[in-house]
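A.B. asks: If you read the sequences in order, they're chains A and B.
Under my numbering, think of the first position of the first sequence as 94, with each following residue one higher.
Under my numbering, think of the first position of the second sequence as 9, with each following residue one higher.
Keep in mind that the hints are not guaranteed to be accurate.
In the DSS-like style, the derived pairs of lysine-lysine whose C-alpha atoms are separated by at most 30 angstroms in a straight line are [as the list claims (entries may be wrong)]:
1) A:K150 <-> B:K37
2) B:K130 <-> B:K37
3) A:K150 <-> A:K119
4) B:K37 <-> A:K119
5) A:K142 <-> A:K119
6) B:K78 <-> B:K37
Partial list, derived from the structure: chain A residues whose beta carbon lies under 8 angstroms from chain B [stated by the list, open to error]:
7) P132
8) K142
9) E175
FRET-style restraints, in silico, Cβ to Cβ [unchecked claim]:
10) B:H92 <-> A:E191: 19 to 29 angstroms
11) B:G120 <-> A:T157: 22 to 32 angstroms
12) B:F95 <-> A:R171: 34 to 44 angstroms
13) B:T82 <-> A:R173: 13 to 23 angstroms
14) A:R171 <-> B:S30: 41 to 51 angstroms
15) A:K119 <-> B:S30: 26 to 36 angstroms
16) A:D172 <-> B:G120: 16 to 26 angstroms
17) A:R173 <-> B:S30: 36 to 46 angstroms
18) B:S47 <-> A:N148: 32 to 42 angstroms
19) B:E132 <-> A:K119: 39 to 49 angstroms
Honestly, the hints are just simulated from the structure, not real lab data.
Think of the CB as a built atom: it goes at the ideal place given N, C-alpha and C, for glycine as much as any other residue.
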Amino acid sequence: MPQLQPLVRPSTDNQTSSSDAAATAKAWNVVVWDDPVTPMPVVVVILRKIFAFPNAKATRLMMTVHHEGRAIVWSGQRDRAEAYCVQLHVAGLQATIEQDS
Amino acid sequence: MAPRHLFIRRRDGRIEVRVAESGREFIVKQMARVAAAESDSAHEWHSYLHAPMNPSADADDPLRVFERQKATATNAELALLSAHEEFINDVEAWAWLTTLQIALRSEMMAQGVFDSASLDVKSESEVADIRSLQYVLFELARVVS
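Using the sequences provided together with the hints, build the complete structure.
C.D. replies: So, in structure tokens, the structure goes:
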């Protein structure tokens with residue numbers, strides 16, 4: 094019977110340079126942009142549905158979009174930011190991603 | 009007198025669609041335009057459906073574009089399939105909302121309405137479709153959960 098020993102690999106810690114860590118540390122933001130035609134309750138519904146935000150948070154973000162022209166609605170890893178951006182486009186909102194400066 | 013709404017959430021969870029036949033025709037026409045624009049690259053609205061995700065990049069991620077294209081087309085098709093129903097469920101209501109929202113933004117782009125000022129100078133007949141879509145979406149947002 095074969096011995097079932099856990100496979101021990103060299104730690105990945107020493108394979109990751111500090112510059113890589115710095116490059117990935119900056120979060121990616123999902124930005125929703127204002128437009129002159131979308132009804133405000135529609136923006137709230139879409140933000141609640143896609144991000145599962147409570148009504149108060151979705152409403153606050155919608156008001157930020159309305160007054161400031163844009164709002165960062167989510168920050169985090171790039172692939173998740175892109176996926177959220179796709180969902181917002183599918184829902185008909187103007188959205189982009191950008192990396193924290 | 010109680011206000012009359014286009015969509016009513018019933019106690020069993022279904023959403024009743026109280027839209028007259030002429031209104032249904034308008035809604036179906038808008039849904040069909042979105043569905044057509046997705047599959048026809050020569051369609052007037054096609055480019056409006058594919059805004060770049062990252063403005064600093066020259067090209068959008070093709071996999072993300074494909075994902076978006078597929079999801080948008082699915083929503084528009086589901087919306088069209090349920091467009092004549094007396095009652096719709098939550099999934100169908102979401103498909104209606106997203107499809108009509110895309111129609112609204114595409115109409116906005118086609119009309120060259122990029123800010124409130126350019127909307128204000130348009131005549132009512134020029135923005136009739138925009139106003140109608142806004143009204144339907146406003147009513148839908150009341151019942152979509």
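A.B. asks: Hint by hint, which ones does the structure fall short of?
C.D. replies: The structure conflicts with hints 1, 4, 10, 15 and 16, although it agrees with all the remaining ones.
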